[in-house]
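If you follow the hints, you should be able to join the two separate chains into one complex; please do so.
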Amino acid sequence: MDEKSYIVITGATSDMGIALSKQLLPVYNLILLDINESTLVNTISMLKNINNTCNIMYMAIDFNDISAVGKTFQDFLKKYNILNISGLVHIAGIAPVLPLKSTEIEDWYKIFNINLLSAVEIIKVLIKKQYKYNMKSVVFLSSIYAHFGGKAQIMYTVSKAAIEAFVMGASVELAPIRVNTIAPGLVKTNSMSVYGDNYAEQFESKHLLGGGSAENIADILYFLLSEKASWITGQTYIVDGGLSVNALNL
Amino acid sequence: MDKVEFLEKLQDVLERDEEITEDMILEDMDEWDSLAAMALMAFFNKTLSITLLPAEVRKMKTVSDIINKAGI
Chain A
125 MDEKSYIVIT GATSDMGIAL SKQLLPVYNL ILLDINESTL VNTISMLKNI NNTCNIMYMA
185 IDFNDISAVG KTFQDFLKKY NILNISGLVH IAGIAPVLPL KSTEIEDWYK IFNINLLSAV
245 EIIKVLIKKQ YKYNMKSVVF LSSIYAHFGG KAQIMYTVSK AAIEAFVMGA SVELAPIRVN
305 TIAPGLVKTN SMSVYGDNYA EQFESKHLLG GGSAENIADI LYFLLSEKAS WITGQTYIVD
365 GGLSVNALNL
Chain B
18 MDKVEFLEKL QDVLERDEEI TEDMILEDMD EWDSLAAMAL MAFFNKTLSI TLLPAEVRKM
78 KTVSDIINKA GI
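If you read the sequences in order, they're chains A and B. In this text, residue positions in the first sequence follow the working numbering: the first is 125, and each later residue adds one. In this text, residue positions in the second sequence follow the working numbering: the first is 18, and each later residue adds one.
No wet-lab data here; the hints were simulated from the structure. Treat the hints loosely; a few may be bogus.
[As the list claims (entries may be wrong)] Straight line, CA to CA, 27 angstroms or less: simulated DSS-like cross-link-like pairs of lysine-lysine:
id: 1; chain 1: A; residue 1: 256; chain 2: A; residue 2: 203
id: 2; chain 1: A; residue 1: 146; chain 2: A; residue 2: 128
id: 3; chain 1: A; residue 1: 225; chain 2: B; residue 2: 78
id: 4; chain 1: A; residue 1: 275; chain 2: B; residue 2: 86
id: 5; chain 1: A; residue 1: 172; chain 2: A; residue 2: 146
id: 6; chain 1: A; residue 1: 330; chain 2: B; residue 2: 76
id: 7; chain 1: B; residue 1: 63; chain 2: B; residue 2: 20
id: 8; chain 1: B; residue 1: 78; chain 2: A; residue 2: 275
id: 9; chain 1: A; residue 1: 172; chain 2: A; residue 2: 203
id: 10; chain 1: A; residue 1: 225; chain 2: B; residue 2: 26
id: 11; chain 1: A; residue 1: 225; chain 2: B; residue 2: 76
id: 12; chain 1: A; residue 1: 203; chain 2: A; residue 2: 128
id: 13; chain 1: A; residue 1: 234; chain 2: B; residue 2: 63
id: 14; chain 1: A; residue 1: 234; chain 2: B; residue 2: 26
id: 15; chain 1: A; residue 1: 225; chain 2: B; residue 2: 86
id: 16; chain 1: A; residue 1: 253; chain 2: A; residue 2: 202
id: 17; chain 1: A; residue 1: 312; chain 2: B; residue 2: 76
id: 18; chain 1: A; residue 1: 275; chain 2: A; residue 2: 312
id: 19; chain 1: B; residue 1: 63; chain 2: A; residue 2: 275
id: 20; chain 1: B; residue 1: 20; chain 2: B; residue 2: 86
id: 21; chain 1: A; residue 1: 248; chain 2: A; residue 2: 260
id: 22; chain 1: B; residue 1: 76; chain 2: A; residue 2: 275
id: 23; chain 1: A; residue 1: 330; chain 2: A; residue 2: 312
id: 24; chain 1: B; residue 1: 86; chain 2: B; residue 2: 76
id: 25; chain 1: A; residue 1: 252; chain 2: A; residue 2: 352
id: 26; chain 1: A; residue 1: 256; chain 2: A; residue 2: 146
id: 27; chain 1: A; residue 1: 275; chain 2: B; residue 2: 26
id: 28; chain 1: B; residue 1: 20; chain 2: A; residue 2: 225
id: 29; chain 1: B; residue 1: 63; chain 2: A; residue 2: 225
Chain B on its own, in the form it takes in the complex (with noise of 0.2 angstroms):
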């Protein structure tokens, strides 16, 4: 999977119309909840095959941040 595609996928999985960014801060987007952050999760798990864990998801503060966690 190539980085175009991650954030595609990564549009879907925080249910966002708009095109989301590499430079983006989580805190600032609508979509970002706890609810978000478990359905990333288990995007991770299942798609990625990477566990992710809650700790882990907490200490991400930017759009880049979860790229570099799936290795993209």
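Pulled out of the complex, with its shape left as it was, chain A reads as follows (with noise of 0.2 angstroms):
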């Protein structure tokens, strides 16, 4: 019988989602959920290469359809009798750039949706009776942008400071389940790649620490998801190579 228990990783093919798969590929099954099945196919060849034994499911699904998220990961789990599953990370994330005079309410329901209630819908399903007493750790991904304004980041500040104010309220209902958060600082991802060539190295400076991966974020992904990280709940970790700490060096 196979021991290990599976992680649910939301946003998996990207950059930090695949950066934690990789970490926890000797130790956990996954389950990966993001939007396009073909890039979890080949994201998923990827990581078999590395690691054959870990049992790695996957669903593509569309988060900002977030009446049938529920559903649909429920029916999911039904289907291949999944139960055994310790823990949640929620990468899926979208930061559009807009001035607060350009959006439009459909933007604020959609980041809404993807960003928090997505995982707020996952979490139903993973404290029903048959899944809550394996779970053990959930952990989200808030950002800097939560702590600081920012230009045409107004919906995206809004939505990872709800994922932090979630975060105190779902710890107290959910203990002993863990519920804590990370706020990265600007980590150079693929999706920071829109912002042009230069976007990292201009912000590079301004980290007392440097640039920061993928590999960074997945470092503290992993311990909030392990047995290290036993006696920490409804926190926020703010993770940024020291730039908010910076931020008189003018």
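Right under this line is the structure:
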């Protein structure tokens, strides 16, 4: 019998999702969720080349179709008879660059659906009696933008601050399941490339510890999932290479 | 959309009280700052369904460059 528990990762084909999956492979089985099926399939084939003893399940799902998320996820677990799930990491998120006056109500609904509510729906499944006794840890991705403003980032800031508040409330209700979040600074990943080549270089000098990588983020996600973090819940960890604390270095 | 309508919408996007003409240089406009650039990208993406990247905006010097990119 396979005793390794499953970790559910949303946004699994992102750089952070992949970096985390690589770290988890030897110790856990994985359920990878993301929007694009073929990207998921390619990601899994790459992971299997690294370690093929890990059981990796996957499902393509659109988190903006929020009313279907809970049922779709539950049906998936039932179909494959997966009961031993010990963790959830919610990496999925969008970060539209929109000045306040350019935002429309649908934009606000969409970012809340994807960045927060999809995880809420998945958590509601994972705290049902058949799953809750195996669940140990939920980790979200907030952002340094939940602590400071930025141009054309207002919806992102609000959605990430909402995650940090959710973590506080959920940790109280779901104990002993631990619920935490990290707040990364500006990490150089594929999703940042839309800002142009010099974006990361421009901002790296503002970080006391230089630019951050997806692996830096995976390290702390791994820690928060693990028993090493067994006395930590309801917390936000700022992981920004010293960006925010350096704010007065003008 | 024709050029006249486009320039009217552009005036609104850039929050400019006076008319915008094709030959205007972006740098000379008080309203042209990084937030205006982002409003322009949002306008292209949402209203014109054209993906406009920050690097492309950086290359634009005149209103005419914007019109060309919009394919008008």
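Status of the hints after comparison with the structure:
{"no.": "1", "hint": "A:256 - A:203", "result": "18 angstroms, holds"}
{"no.": "2", "hint": "A:146 - A:128", "result": "15 angstroms, holds"}
{"no.": "3", "hint": "A:225 - B:78", "result": "24 angstroms, holds"}
{"no.": "4", "hint": "A:275 - B:86", "result": "24 angstroms, holds"}
{"no.": "5", "hint": "A:172 - A:146", "result": "10 angstroms, holds"}
{"no.": "6", "hint": "A:330 - B:76", "result": "25 angstroms, holds"}
{"no.": "7", "hint": "B:63 - B:20", "result": "18 angstroms, holds"}
{"no.": "8", "hint": "B:78 - A:275", "result": "22 angstroms, holds"}
{"no.": "9", "hint": "A:172 - A:203", "result": "22 angstroms, holds"}
{"no.": "10", "hint": "A:225 - B:26", "result": "14 angstroms, holds"}
{"no.": "11", "hint": "A:225 - B:76", "result": "24 angstroms, holds"}
{"no.": "12", "hint": "A:203 - A:128", "result": "19 angstroms, holds"}
{"no.": "13", "hint": "A:234 - B:63", "result": "14 angstroms, holds"}
{"no.": "14", "hint": "A:234 - B:26", "result": "25 angstroms, holds"}
{"no.": "15", "hint": "A:225 - B:86", "result": "23 angstroms, holds"}
{"no.": "16", "hint": "A:253 - A:202", "result": "14 angstroms, holds"}
{"no.": "17", "hint": "A:312 - B:76", "result": "23 angstroms, holds"}
{"no.": "18", "hint": "A:275 - A:312", "result": "19 angstroms, holds"}
{"no.": "19", "hint": "B:63 - A:275", "result": "18 angstroms, holds"}
{"no.": "20", "hint": "B:20 - B:86", "result": "12 angstroms, holds"}
{"no.": "21", "hint": "A:248 - A:260", "result": "14 angstroms, holds"}
{"no.": "22", "hint": "B:76 - A:275", "result": "20 angstroms, holds"}
{"no.": "23", "hint": "A:330 - A:312", "result": "14 angstroms, holds"}
{"no.": "24", "hint": "B:86 - B:76", "result": "11 angstroms, holds"}
{"no.": "25", "hint": "A:252 - A:352", "result": "25 angstroms, holds"}
{"no.": "26", "hint": "A:256 - A:146", "result": "25 angstroms, holds"}
{"no.": "27", "hint": "A:275 - B:26", "result": "22 angstroms, holds"}
{"no.": "28", "hint": "B:20 - A:225", "result": "23 angstroms, holds"}
{"no.": "29", "hint": "B:63 - A:225", "result": "13 angstroms, holds"}
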